[in-house]
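Student: Take these sequences, add in the hints, and give me the full structure.
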Amino acid sequence: MFLITDLIALLAANLILTQALGTSTLFIAAGSRKHLLGTALVITIFTTVGSGLAYIVHHLLPEQYADFTLLCYTLIIGVIYVLLLAACYYIGGERFEKYRRYIHISAYNCAVMGTLFTITEKSHMYINYGTLISWVEFGLRAGAGFVIAAFILTAAYRKLNSAKVPSSFRGFPAMLVYLGIISMAIYALK
Amino acid sequence: MNNRRSTVFDGLLGDNTVLSALMVISPVIMCGDTLRNAEALILAFSAITFASVVICSLVPKKLPYAVKIILYAIISSLVYVPVKFLAQEFYPGIITRIGIYFPLLAVNSLIVVQTETKFFRMKKMRMIPSLIFYILGFDIVMLLTAVIRELLAYGTINSRVADLDTLISGLGMPFGGFIFLGLMCGAYRRLRAVFMRRSEERRGSNVSDN
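Going down the list, the protein sequences come from chains A and B.
Add 940 to a position in the first sequence, counting from 1, and you land on the number used in my numbering.
Add 2 to a position in the second sequence, counting from 1, and you land on the number used in my numbering.
Hints in this document: simulated from the structure, not taken from any laboratory.
Please read these numbers as outputs of a predicted model, since none were measured by experiment.
Check each hint, because a few of them may be wrong.
[What the hints assert, rightly or not] With the C-beta cut set under 10 Å, the calculated list includes, among others, these residues of chain A facing chain B:
no.: 1; residue: 1025
no.: 2; residue: 1101
no.: 3; residue: 1114
[Unchecked claim] Reference excerpt, derived from the structure (chain A facing chain B, CB under 8 Å, subset only):
no.: 4; residue: 944
no.: 5; residue: 946
no.: 6; residue: 958
no.: 7; residue: 1005
no.: 8; residue: 1011
no.: 9; residue: 1053
no.: 10; residue: 1054
no.: 11; residue: 1057
no.: 12; residue: 1112
[As the list claims (entries may be wrong)] With a Cα cut of at most 25 Å, we get these calculated DSS-like pairs of lysine-lysine:
no.: 13; chain 1: B; residue 1: 86; chain 2: B; residue 2: 125
no.: 14; chain 1: B; residue 1: 120; chain 2: B; residue 2: 64
no.: 15; chain 1: B; residue 1: 63; chain 2: A; residue 2: 1038
no.: 16; chain 1: A; residue 1: 1038; chain 2: B; residue 2: 64
no.: 17; chain 1: B; residue 1: 70; chain 2: B; residue 2: 125
no.: 18; chain 1: B; residue 1: 120; chain 2: A; residue 2: 1038
no.: 19; chain 1: A; residue 1: 1038; chain 2: B; residue 2: 70
no.: 20; chain 1: A; residue 1: 1099; chain 2: A; residue 2: 974
no.: 21; chain 1: B; residue 1: 64; chain 2: B; residue 2: 126
no.: 22; chain 1: B; residue 1: 126; chain 2: B; residue 2: 63
no.: 23; chain 1: B; residue 1: 125; chain 2: B; residue 2: 63
no.: 24; chain 1: B; residue 1: 125; chain 2: B; residue 2: 64
no.: 25; chain 1: B; residue 1: 120; chain 2: B; residue 2: 63
no.: 26; chain 1: A; residue 1: 1038; chain 2: A; residue 2: 974
no.: 27; chain 1: B; residue 1: 86; chain 2: A; residue 2: 1062
Note that beta-carbon positions come from the ideal geometry of N, C-alpha and C, so glycine has one too.
Tutor: Structure, rendered in structure tokens:
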């Protein structure tokens, strides 16, 4: 029962299905299980670590410099981007070439940046987003939300790309309509 | 196989920024439900993207890919600051309503992805008109989406009441945005296929005449 409640909560707070953040990256990831796993893992690292660092920036940056939040978040993502590439280079060895594309795809996309701005916005509205743990947890949940949305899309990916769908609507248009229907169902859950 | 020759107009027609390449779709889905939102987003997107890509073209090409992408994102984040200041002067309430989608315009795919894969492979004289048409591609889709969604969802055009009997309020919601954009993508593809077939037929008949 708790699992179902958690799943519903994850779906209801899903950044892709409720805020359309990272939709095009999702379409790339849903193409194959391998891509899905790689992209989802890297995006989760970006959102989780990024949210933790964003918390620090958010509390150190004076109110009058709020317009520079984007610049600070860009720098945070840049640092994680370089560190991940370096880690992948030293740990991945020969597989570096294969894996680095997931890092390139994930670095500056709406799913990651959107997570940082969403948590910042929520911290202004809700008191329970006042701790580092709550920010990191939100980042982790955003990554998990990406995985769930990608699985939902993967389930129908082949059918939406099959010859049975009219050629004009095959692929992206059908996937957008499909996501819209899922999003409508989630809207009803909220 | 798509053996269509690329032209500077691609971003607008043949390879539309939103409808074909699916770039910058989240503001269209989430905020493209009123004309006022669309105006603010179009002006901000056009200014940020144009200025950023032109400035980014000065970054040395020999730098590693990741370093260049980070520099492009930093440049666009800096360009965002004066644009936001101006937007707050002209559209004070709208910027608050757009919320997180406003800063997200500064890290859009045209700046952080297409610069390396498309624009910076062109000569400057071709890059600038091509960039303008990619920006126009977004602007037109945003405008069209906003007008139709505002009319059908709220029964207004630019906040003025239009005489409409039936409203589809769901079109103003995010799920309505997803579905509407999907339908627009399909219609765009259909039209593109018809135009391409016709132009090929015309080309074929010209060759046979000669």
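Student: Straight-line Cα separation of residue 1099/A and residue 974/A no greater than 25 Å?
Tutor: holds, 19 Å
Student: Is the straight-line distance between the alpha-carbon of residue 125/B and that of residue 64/B 25 Å or less?
Tutor: Roughly 17 Å between the alpha carbons, so the hint for residue 125/B and residue 64/B holds.
Student: Need the status of pair residue 126/B, residue 63/B: alpha-carbon distance at most 25 Å?
Tutor: Given that 25 Å is the threshold and the Cα spacing comes to 14 Å, the pair holds.
Student: Residue 125/B and residue 63/B were given as a pair; does the straight-line alpha-carbon distance stay at or below 25 Å?
Tutor: holds, 13 Å
Student: Is residue 63/B within 25 Å of residue 1038/A, Cα to Cα?
Tutor: holds, 23 Å
Student: Residue 1057/A was flagged as interface toward chain B. Is the shortest Cβ-Cβ separation under 8 Å?
Tutor: holds, 4 Å
Student: Within a Cα-Cα threshold of 25 Å, do residue 120/B and residue 1038/A meet the stated pairing?
Tutor: holds, 22 Å
Student: Taking 25 Å as the top limit, are the C-alpha atoms of residue 86/B and residue 125/B close enough?
Tutor: Violated, at roughly 30 Å.
Student: Need the status of pair residue 86/B, residue 1062/A: alpha-carbon distance at most 25 Å?
Tutor: With Cα atoms ~21 Å apart, residue 86/B and residue 1062/A stay inside 25 Å; holds.
Student: Holds or violated: are the alpha carbons of residue 1038/A and residue 70/B at most 25 Å from each other?
Tutor: Roughly 20 Å separates the two Cα atoms, so the pair holds.
Student: Hint check: residue 1038/A vs residue 974/A, CA-CA at most 25 Å. Holds or violated?
Tutor: Answer holds: residue 1038/A to residue 974/A is near 11 Å, not above 25 Å.
Student: Verify the interface restraint on residue 1025/A: the C-beta must sit less than 10 Å from at least one C-beta of chain B.
Tutor: holds, 6 Å
In summary, the numbered hints that this structure violates are 2, 4, 5, 7, 13.
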